[in-house]
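Peer 1: Hey, can you work out the whole structure from these sequences and the hints?
Line by line, the protein sequences are chains R and D.
So the first sequence is residues 3 to 367, counted in this note's numbering.
So the second sequence is residues 54 to 352, counted in this note's numbering.
Hints in this document: simulated from the structure, not taken from any laboratory.
Accuracy of the hints is not assured; some may be wrong.
Just so you have them, the derived chain R footprint on chain D, three or more residues with Cβ under 8 Å [stated by the list, open to error]:
#1 172-181
#2 206-212
#3 303-317
#4 323-332
Every residue, glycine too, gets a C-beta built ideally from N, C-alpha and C.
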Amino acid sequence: MRVGPSQSGRTALTPVPLPRTGRGAYDGGEPVARIPVDAATGSGTGTSAMATTTQPTDVVRSRPLAAVRAAPRPRQRALGERLTPYLFIAPFLVSFVVLFLGPALYSLVLSLYRYRGYGAASWVGPANYERLLGYHQFWASWSNTLVYWVAGAAVTLVVAFVLAVLVYHGPIGGKLFYKPAIFLPNVMAAVAAALIFQTLFAPGSGVVNSVLGVDIAWDQDALFGKLAVVALRAWHSIGWFFVIFLAGLTTINPELYDAAKVDGATALQCTRSITLPLMRRTFLFAVVIISITSLRMFAEPNLIFGTGDGLAPAAFQPIMNQLYLNLRAGEFGLASAVAWLIFVPIVVVSAVQFRLLRGDDGGSA
Amino acid sequence: MSMAARTVQPPALGPVPVPARRRHLDWRHWAVHAALLVAVVGSLYPFALMLLNSFKTDTEVLRNTAGWPIAPTLASYEALLTYEGSQVVRSFANSVLIATVSTLLAVFIAALAAFAFAKLRFRGRNVLFGALLATLMVPYEVTLPPLFIMFARLGWLNTYQVQILPTVASVFGLFMIRQYMLSIPDELLEASRLDGATPWQQFWQIVVPVSAPVLGAFAILHFIGMWNAYLWPLIVATSPAVKPIMTLLPTIRDPLIGFVTPWGMVMAGCVLVTVPLVAVFLMFQDKFMSGVVAGATKG
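Peer 2: Quick look at the structure:
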């Protein structure tokens, strides 16, 4: 930005820096040219009115134009300098407020209205919530989600933890191969993973049926179908939690294990009395994350058993389908209410974690 | 022991003695390897299945799902590339474009804000940052109904921007980058400030180069997230012109028969969307996995 010399209030958007006697800053060469305002005003001395607090006063006095109004009190930071941090956060904050916070709050309001996307929205109070809570498919979707959540968390976290312990205490150098190989499924898109698992769990001559020599109608049976979804989720996310647990293990002081071994502890005893207690924080974090991702699950159940409309049969629908279907139907009030009802258990789980971690100053990870 | 080493033998000469416990590798060593190998087979098998089936015809996939291709063919790939004109190519390009633009924007604005939160002082800094962190708990799904209404009013349904804009302000990215920037020594910035650098110059000339690892890690994570996005594009991007590959894949139907899923083609499509990610992963493994961990070590 060019600033004319007559404008004494060079309220400089950029706080103008001081040149140093020993020129050539950190990148060597190119000394004064990097000071835009000085270049623009043609001030050869490179000094500036918008002095920082370290500016020697005699230099300021030598600049009559600037000194008139801008002569700063020594300790007062220039306006421009105070504004700068806000300019840095502005792009983030504006997009966050416009595209996340605003809509989030608005959906809370919207959940109390009946709004079809045209015409006026009519206030209905808690009617949307009541309607959902009295709707059998809403509860059926919740119970499906609960199965995915609990069974998925149990399988995923246990397997991931065992693998992490094996890799960490196991063969030296094995990490280089096992770590990426176990993490790899996490890289695949949920959509692709679900489609592949559809061929695995196909009824009739699917891979699982052929290998086990059974004939399970995975896409019909309410229990086995859910197990297939749990298997898909576990396969997809074990690698992620494995890496988290591995990182948690590295924060444990290895001398603890050495000391325990000297005392004659077995590997199992070490795991129980050293690893498990010290990984508390990591476990709680993992539980929160897997809860949140399970509650928000959408693609997997719908694509592994998707029918013509790309949605799972009622027996496998996750709760997120209620949001999707209401949104699709233009029931924006109901859709918002569903979203906030999904948020409730997330808050509960997070609050429990927070509670458990409070007063837990020690502990690792 | 170190005393003994110093007096008896000169350092760094002679073979390093093998620790005693490595000499008797017992059955447990092999049991661990066996268990881990089973896990690796389990994690890689679906990849193998996808690859094998992509080289079979659609009918062979149904009859011989688990086996080796009897007559390996590229027919599925050819059919995929000519599916509905060149819809697959178009959607693939859409995905690349959307994910790339979103990643560039997200990294840039998160880095700017992270710099301010980590290294500049301003009123309300900590309160604001704490408030932002608290919103991490709120699932983005709650914003979908209002966002849909907003973008519909703007006439932006079925555009690129409707798929990009809601994803650019990542609190997770802000947090991750800020944590890293906190470790940049203040002396470094102070020195450059005395040398006459503005915060803007400090940002570009010092902070961004020094933070390259975390910026890269976040960029990779964000790109993958965008590449794999499914729910939002399913709602707002239904027209073929802007549809990303992820929402196209499950809708692929046999071009001749219709209503039948051509599994060879679909598996070829899965290969198409998976191979780039696996390649990126193998190239940047450490960034990838350190990015995962960076998000986990908060608090």
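Peer 1: Give a verdict on every hint.
Peer 2: Evaluation of the provided hints:
Beta-carbon proximity to chain R at under 8 Å applies to 5 residues in the region 172-181 of chain D; the threshold of 3 is reached and the given coverage holds. Counting residues of the region 206-212 of chain D whose C-beta sits closer than 8 Å to any C-beta of chain R gives 0, which falls short of three, so the coverage hint is violated. Check on the region 303-317 of chain D: 4 of its residues sit with their Cβ under 8 Å from a Cβ of chain R, so the three-residue criterion for coverage holds. With a cut-off of 8 Å between beta carbons, the region 323-332 of chain D has 5 residues touching chain R; three or more are needed, and the interface restraint holds.
Of the numbered hints stated above, the single one contradicted by the structure is hint 2.
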